[in-house]
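J.: Taking full-length UniProt numbering, I'd label the letters of the sequence shown as residues 1 to 1196.
One should not assume that every hint holds.
Claimed, not checked - Just the calculated beta-carbon pair ranges, DEER-fashion: (1) Arg250 to Phe194: 41 to 47 Å; (2) Glu799 to Gln836: 49 to 55 Å; (3) Ala598 to Ile803: 54 to 60 Å; (4) Asp637 to Ala128: 18 to 24 Å; (5) Cys20 to Tyr602: 44 to 50 Å; (6) Leu596 to Glu799: 45 to 51 Å.
In case anyone wonders, no lab produced these hints; they're calculated from the structure.
The beta carbon of each residue, even a glycine, is placed where N, CA and C say it ideally should be.
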Amino acid sequence: MKVKEALNQSYAVFQYYFPCDKVLAKRIFKSTVHSTVALIFCLIPKVRDRLGNEPAMLPLISVMVHPGRRVSGTIQGAIYCTTGLIFGLAFSLLGRFLAQRCLGSSWKVLEEKEQFATNYNGYQAALAILAIFEVIMLFFHGWMRAVSHHYFGIVFPLFLVVHFAFLSPLNDTAAVIAKSFSTPFYLGIALSLFWNLTLFPEFGSTYLGNTTIEALNEIHHSINNAINFFLSIDESCKTLYAADTVSSARLLKMKDNISKKVNTCNAVMEECIYEISYSYMSPSELKPITSRFKDLSTYVSAVINACQLEFMLLGHKHNGHDLLNIGTEKEIHHADADKLTRVLIKLRVHVFNLHKTLSDCFYLIKVILARDFDVHFEKVRVPKAFAKDDFPHFDSKNDIPTDFDTEKYINELIKALVEFDLSFREELSNIEEDLLQPNDEMFLLASFLMNFKEITNTVISIMKTAQDIHYKRIDRESKGWIRGKSIWFMAFHKNRSIVNWIYGTQRATRSGTENESLNGGNSMKFEPETVPLRPNKQEEKVLPQQASTYMTMNEIQGREPMLPTMSNNPMSEIKKQQSIEIVKEKSVGWFKANMLKADKTYKSCKNYFRFGFQVAVALMLSSLPMFVPEARHWYIDIHGAWVGFVCILCLEPSVGGTFWVFFLRGVGVIVGAAWGYLSYVAGNHQKDPYLEVIVSIFGAVPGFYFLLGSPYIKAAIIQIISIYIVMLASVIPGSVKGSILQNFAKRCLAVGYGGGTALLVQVTLFPITARDQLNAEIAFSVGCVAEMELLYAAGIEGETLHITLTDQKYDRFKELSEATKAALGRATAFKGLTRQEPRLKGEYTELENVFTQIIFILKQIVERLDNSVLLRRQYGSAISEELNHVVYPYRRQFVASMVDVLRAVQEALINKTPLPQYLPSSRIAHRRLINKVRETLKIRYGAQLRASNRPNSMEGSKIKITRDSDSMSSEDSDEDLGLVMKTKDDHTSKERAFILKEKFLSWSASSSASEEIIEYVEELVELTKILVGVNEFKYGFLSRPLYEDWAAEAVVGFADFVNQTQTTHPPPTTGTELDNDAVAEDEALSLEEDAVSSRSSYLGPEQPMALPDDSHISRTLARMASNTNEATKRRASSTWRRRAFSIGSGIGTDDLNKITKVHTLGDSDSGYYDDNMSSDDGDSDDELPLALKRIVSRKK
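Please take these sequences and the hints and turn them into a complete structure.
T.: Written out as structure tokens, the structure is:
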């Protein structure tokens, strides 16, 4: 037992430091077998003679095109490598042909030493031509690697062929060169495909079914836990669900798990285009299902976010403090938990019934897809969330009946959704009026309900697609496996697939690196070694914030002609001079236009030029002796080709090629060369090749582990190749003689010379630091968020909107969202690389934590914007479409405030300039918008509702209030703002119908997301201040601590004053609700008349008010006092200091009435406020500045 425990403990420790799963172990085994067989072929003399003059290329290419990836990845690598070989061989033969012409007719007869002695000038000219071709090839190599990491598989074999061919003797014929650099490469590629298909094949089409089921499992599990969490507000919910409620932290972690599974599924789907599969179903038939995963994951994340808000609200109620320990004040803390609890108790049964049907249908989708795409049923997770689960479970394919009725379950889910929609509307229409007002509780509830409904609609859509797939599979199975199965090649499915098959699927987003393309997508995830740069054209395309500074040819030629001038010359001379001026002007215009185009091209391709120049300079510095007649023989004698090989692998087009990366690759070369030396010595200097091969295997296995299961791909490649190169350099007889020890020393010299040159060039010649890129990516992300806010805010100029989100805007929003997520992913990687860079300004650890929080905040903002846009695209927005002519100034103020803050943060990060001390939050503007919506709804519906609630006051009344004679002719007249007053039931139903419309619920759900975005932006501002600083007042009144003491004293005096006035004007129950009970009945009747008489002023451009009318001062103070008394218990003066608007000097009491009537935005129709704000129901939640509080406190 002790031995077993020791072994288990050792295995656990090994897995901790060197994690390895079954998939990775199989890939390591395949790659090791492939490279070992290639080595054995090189050790067999008869086979070696067939490989040409460069047999060592066979194990080299076996490492570059390894079989340790899926079939699709191996096919892609083989296609790219073959392409590079063909072009490289053609280019090298052309260069050698021209060089041989410089040597004359003696190039076949004389060797290079004889050419140097007898034909020095011709020999020098030949090497110069080779140098020119080498520089062209190197620049092209660097350019293509910078364009896309996919092209590394093409240009690296091209470099190998050209570089090694130019080192070959010039008296070799083209046939010898073609054989030397064709046979080993093609044999290695063929062996890679053979082992990939025979040893543990991983077909992408089969793997696609597995990843799809895993993604569905994760989404299903998250939905069940999220709804269980949201409904579990008391002990009675435990009777509905069998599973316990998960913790809030674990629930939030499920969002990341869903994102990883969905991204993996999409990556496998894209990879399948390189495969040829033979099956019943084509992998492309899963595309309609996987394409909905993104929207579905967005809705699930929104439900989880609603659970988080509920947790914060209920936890804040019970514990009295912020459980998440976040410094920013949360709007949800001002909500009423009791109201939310009462509503949830009414709706819980209806939500549960729909959830149960949804879960059963979701499980059915997984079962159908697992059967149709030959996935083992062990991978299908059975839901165990419900206490009473009578849905049948399937353990194998045979358990599913052939006449399985999927249409029945689809209809049941649709029926359950309709019943849920009707039942929750009925329940909400019977509750108190204040529960349906636009407030934080309603926003939270709408966020959950609308996203839950959209999850159900998406599942219905997926289920219909799965039903079609199931019917196709049954139909093809009925034909037999010969006629039913087909050969599927997704590359020719459509034109887009052909383009992706040729150029790569991720070339536009540049979401991968060369390392990821080399290892074929490992199953173990680590921090990346290098990170790709953002395409230069992306910022210009996605964020066109500045006007174009370039002039086109038409603009230059389209200038107005110069006015003729008076001259004493004859007419012919004047015409001749004018024609010369015209030609001269056109020439200058043409030259300017082309110079501007060249400048624009350089700016858009700057990174490509930079890395191409780096590669050319570094390789020519390390390979210069091969083009110098006096040093060429010495360079070949020290295996100079190894120097260029190491140098090219140490150069990186991405950020991260620092000393640490060079050190790792240097260690890989030395370790590999040492193991090759050990293998050669173990084989008794080629006397025992069997032991030699076996010892080399033990060195190759760790190398393939780091190649396939770690981010250090190129270090592992150099290490494995060094084992074979050093050993074969001593085994294979050739022109370069040397012992094993000499070859080991030459290999170490190569890494010192070539790697050191690469490091020197990359650090000194146009260096790019990860810290600068980190700031740039974050600033770019903030700019994208600001642009998305502007796209989302439609109609802020008061225009009439029928569609608030057009297809064009939605497509641009998706493009911005994808660009932001990609930028945040790069920023996360840059954050880790910055830790490896030298820093002179102190430790980086604290700043890394700040960047981590900033990236997290931006991800949360994008997540909520995505959800808001999906809801608006699906349902629209009642406020933007129907009340926009009233509330658009408030919406404009909110959007402007939000965008201004984001732009300030963006520019501060780009320019590294401090933020201003007072950067106002959008919280106040958003609260004013909500208050205006509540006030508008109250004016339009409040009078009718109060009148209907009065006993016998309006019974039998036939009074109607219409906007015009045709207002009732419309079918949707109940949605118009001018409603019809009928009986009590009709009044109530019409008011509730508008409140419960899906458009209004969509706006309410978006408002919940907007409140969270505001809070995140506030935190973003505070974190940015840590990075760039803040411009504080160094002198004057604002720099004194007396201000805080004065503000605290003013608040205390203000609260005491309000407490004395509460006897005559009692405040409402909460600080965010309007008081309905204090309105007199006769006041309500007068409001009904005012609603008609003030219609024209109401429909005009309304503008937000800073403060209500003077008759409402005491009411406003009472509302603020209720907040003050509650907040003083925890933090007396700090809360009010944060909510301070301005600082004013003493103002007379007579001026108070004038100040309260000032409107903050534009022109407004004061008649509307004079007519409709005369009652207490028109109160606004806008707060008084501290200066006015000081005045009121002095009045005591």
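J.: Quick one: which hint numbers does this structure break? Sort them smallest to largest.
T.: 3, 6
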